[in-house]
Every structure is written in structure tokens, then in C-alpha cells.
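S.K.: Protein chains in written order, with our numbering: chain A, 1 to 158; chain B, 1001 to 1158; chain C, 2001 to 2158.
Calculated from the structure, these hints are not laboratory results.
The structure displayed is predicted, hence computed values, not measured ones.
Be a bit skeptical, because a hint or two may be false.
In silico DSS-like cross-links for lysine-lysine, where the CA-CA straight-line distance does not exceed 25 Å [what the hints assert, rightly or not]:
#1 A:Lys-101 to C:Lys-2129
#2 A:Lys-51 to B:Lys-1007
#3 B:Lys-1101 to B:Lys-1051
#4 A:Lys-7 to B:Lys-1007
#5 A:Lys-129 to B:Lys-1007
If we take Cβ atoms under 8 Å as the criterion, some of the chain B residues that face chain C in the derived model are [claimed, not checked]:
#6 Gly-1016
#7 Leu-1063
#8 Ala-1064
#9 Met-1094
#10 Glu-1095
Just the calculated beta-carbon pair ranges, DEER-fashion [to be verified]:
#11 A:Lys-129 to C:Thr-2135: 51 to 59 Å
#12 C:Asn-2098 to A:Glu-131: 55 to 63 Å
#13 C:Asp-2136 to B:Met-1034: 37 to 45 Å
#14 B:Gly-1127 to A:Asp-113: 44 to 52 Å
#15 C:Ser-2103 to B:Ala-1084: 48 to 56 Å
#16 C:Glu-2131 to B:Ala-1084: 26 to 34 Å
#17 A:Met-108 to C:Pro-2073: 40 to 48 Å
Note that CB positions come from ideal geometry on N, CA and C, so glycine has one too.
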Amino acid sequence: MSETGAKRLAIIASHGTLDLAYPPFILATAAAAMDIESAIFFTFYGLNILKKDHIDKLQVAPLANPAMPMPVPNAIGVLPGMTAMATSMMNGMMEKANVAKLSELLEMAIEMDVRLIGCQMTMDVMGIKREDLITDIEIGGAATFLEFASHDAITLSF
Amino acid sequence: MSETGAKRLAIIASHGTLDLAYPPFILATAAAAMDIESAIFFTFYGLNILKKDHIDKLQVAPLANPAMPMPVPNAIGVLPGMTAMATSMMNGMMEKANVAKLSELLEMAIEMDVRLIGCQMTMDVMGIKREDLITDIEIGGAATFLEFASHDAITLSF
Amino acid sequence: MSETGAKRLAIIASHGTLDLAYPPFILATAAAAMDIESAIFFTFYGLNILKKDHIDKLQVAPLANPAMPMPVPNAIGVLPGMTAMATSMMNGMMEKANVAKLSELLEMAIEMDVRLIGCQMTMDVMGIKREDLITDIEIGGAATFLEFASHDAITLSF
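Bound-form chain A, shown alone (with noise of 0.2 Å):
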């Protein structure tokens, strides 16, 4: 690496959850800002967040996770409405610290230029078709993200 540091960073998106949604998009946006080549892979279960409309649909489940803020005892958190009330009590904490909801975090990632890169693999697993996902995004697979991760990147999973 040079001197003065990583020019890319690339990003492994795995998880469709509401809370794992958000690193990715905080640190490329992030990076980008610091002129660090951002690209995030979308993986798996990861692959929802690029679903039309729906990576502010995203929800977590208040279970299986002591480390929760305010968490309830498994055997209330499998219950029916509460993975609904905890994504919306999870929002509303994101919201009331001004943090930006993830539709703006992922618009400005595009407007930034971070490259967001559908798996393929996962469209196959999943059935998944290209129009069922936003347009602002390529598709591809394991090598595309190796190929941008191997040139002097800070490379992470989420």
C-alpha cells in the first residue's frame, strides 16, 4: 500500500437485516467521502437490500441477540408483532439520532459512485430476476469482488 493509504474499500453485504443493512452503507459512504473507491457485494440473504423498494422494509428481530438494546427473553421475542415492534423501535432510535434512514444512505451511495454489485449466484439460488432489483446497481459474482478487493483495499464482512 502506498503512504498514504488504501484506495479502495470493498465490502461483503450477507445479511438483509436491518441492523446489519447499516455498516455497509456508513463506512462506504464513509470511505467515499475520503476518497477511498468504495464497492459493495451483495450476498445471500444481503441480496434484499437491493430489492425495489424495500431496503426500508427491512426489519430485525428482537431474538437469539442478549446483546440487544432493551432486549426481551427469547420466549416473548419469538412471539407474533414483535419483530415488527422492535424494527420500528430500532428505527425510531436511528431517527431520533439523526441518522439517515437506509433508502437515503443507499442514494447517497450512488450519488457517490460507490459500486453496488448484485450476486448472481444468489438471483440463481433465490430466484431473484434482474427487475426485481434497482437499477442503479451491476450484477455480478465472486470473481468481480475479488477482482476490486485485490488492488490495494481494506476488505470487510458483514
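Use these hints to put chains B and C onto chain A, whose structure you have.
M.R.: Only chains B and C this time, still in chain A's reference frame:
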């Protein structure tokens, strides 16, 4: 890093579920095909992946993950038999999309000289013996991984 | 990167469970012992790890994880008391294998000059105050992490 990209791919696999066992093998075999020297370090729950005759028995629970394909309510997902059903469904989706089984990806990784490293500390903690694990691996620790990862590597954790 | 390997290790800890708190500390202290300058950025649920007198109280739920040692059916795992039981079991396995407690690894990390960075945005979102966190840390954001990670670093996220 050289102009021609990273020379190595160093992955940590710390989960032993069906869904999270795929990305390390898909990336490592794709990298090996691109002449990137690859290693996967299997630690914590991830060490299960290296147990003898176990890799095709890995499971996924339809629980606490609102981003699953065809999600079921958590109150249903906890019921007996649902983990087996979700596992069978995911294996079926992989097969239908012509994605190799994990045992085939493992064999491919071994043939392509991907280094497979089982975590010694995890063996000690979980009471797993060398003979419980497949033969084509080495045993090592955090230092083994860091030594490999510290030479011009793409580094990821799943 | 130089012939002699990476100079840094930059880790993101975004989960605050017992199981996922271990890898960052084990890797960071191992790296520090190899003269690799290390930092851990604690964000989202991971910020819990830095709460005062909290690190040895982190828990793990025996739920939605079919790869756990001695897995229980999810219908049992959700019952009251099961998270405490799984936590106690995992702590016991660590102790029996002579693995240091998390508080000891934390202390070791501080002594070895591992940079521990609490996420400012997470504090804002979750209403966590500076005095809720231990003293031997700094507070920063995505840019703090990226700046550190962009100089010849092994980068990982747990």
C-alpha cells in the same frame, strides 16, 4: 500491493451453519482459480465444518432472520422439525440452481491447494479431537492465520 | 505491503454476545504479540463490550444456531433460563480449556496498546454516555476506523 492485485485470500469461518459455510468455500475456490493463494481458518462454531462426514449435514434455522427466503413467523420457526425443513429447502434451492454441495466445494478446495486450518483453541474448548476432523487439513492458531494474512491478502470473516 | 507483512490489524466488533466478543480480543492480542499494531472498533451491539463492569456478563443464546456445541431444540432454547444456562456452559468450557476470561483479554489488550475505539454514532443511537463506558478507550467514528485501516492492515469484522 503489486499492480496486479493481492496475492492471497485469508478467510475466517466462525459459523457452522449451512448458509454461512458457503461464502468461504465459494470465495476461496474462485480466488484459487484466479491464482490467488487462499486459506480458510475454521474457528468456534466454524470448526464443525471440518468434522468427518459432517459438512453436508450442516443446518440452518428459520429463526431470528427476517431476511430469509420464504420467512416463517418466529413462533412457527421454533417448532420441532422447522430447522430440518429450512435446511432441506435451502439445499433444494442450491441444487436447483446447480450450485455444488458443500462436500464438493470442500473437495475442490483441497484439490486447488486451499489451506484449510482448524483452530487448536477451539478443539481444546469444545473437546474436539484430531481424529474427529477430516485428514486434509492442518491445525493452527491465531498466529498461523495472522502470519498468512499479513502478506498482501484480502481478509474476510464469515 | 512490505515483504515482512502487514503492520496493522483493524477489527470491527459489531456483536455484543459472549461468543462473538472472543475473536476480536484473541486476534488483537495475538497480533500485538507479533508486533502488529492493532485496533478494535466497537459499534452497534458490539459497544456493549466496552460498558463498565459488563464484559464478563456477556451472554449467548442457545437459539437459531444449529452449530452450537450440545445444541438444544429451538423450542427448548427459547425457554426462560436457557440463555443463562448456555452462557454458563460456554464460560465453563472456556475456563476448563484455560482460555482467559474476556475481562482478562481486555486488560491484556489495554496493556499491549491495542487501540479500543467506541463508536460515537452508536452512543448517540443507543443513548450510551461516555461515563457508561470504561476509561481506557477512545471515541471515534467510521472515519477513525477507516483512517487506521487504510495503512497496510489486515481488516476483519465480527
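S.K.: Could you run down the list of hints and mark each one as holding or not?
M.R.: Evaluation of the provided hints:
1. A:Lys-101 to C:Lys-2129: holds (23 Å)
2. A:Lys-51 to B:Lys-1007: Not OK: Lys-51 (chain A) and Lys-1007 (chain B) at ~34 Å, beyond 25 Å, violated.
3. B:Lys-1101 to B:Lys-1051: holds (16 Å)
4. A:Lys-7 to B:Lys-1007: holds (17 Å)
5. A:Lys-129 to B:Lys-1007: Distance ~34 Å between Lys-129 (chain A) and Lys-1007 (chain B) Cα, so the pair is violated.
6. Gly-1016: holds (3 Å)
7. Leu-1063: The hint holds - Leu-1063 (chain B) has a Cβ within 8 Å of chain C, the shortest such distance being about 4 Å.
8. Ala-1064: Holds, about 4 Å.
9. Met-1094: Check failed: Cβ of Met-1094 (chain B) comes no nearer than 17 Å to chain C, outside 8 Å.
10. Glu-1095: Glu-1095 (chain B) check fails; min Cβ-Cβ to chain C is 20 Å, beyond 8 Å.
11. A:Lys-129 to C:Thr-2135: 51 to 59 Å: holds (53 Å)
12. C:Asn-2098 to A:Glu-131: 55 to 63 Å: holds (56 Å)
13. C:Asp-2136 to B:Met-1034: 37 to 45 Å: The hinted range 37 to 45 Å holds for Asp-2136 (chain C) and Met-1034 (chain B), with Cβ atoms some 42 Å apart.
14. B:Gly-1127 to A:Asp-113: 44 to 52 Å: holds (51 Å)
15. C:Ser-2103 to B:Ala-1084: 48 to 56 Å: The hinted range 48 to 56 Å is violated for Ser-2103 (chain C) and Ala-1084 (chain B), with Cβ atoms some 39 Å apart.
16. C:Glu-2131 to B:Ala-1084: 26 to 34 Å: This hint is violated: roughly 48 Å between Cβ atoms.
17. A:Met-108 to C:Pro-2073: 40 to 48 Å: holds (44 Å)
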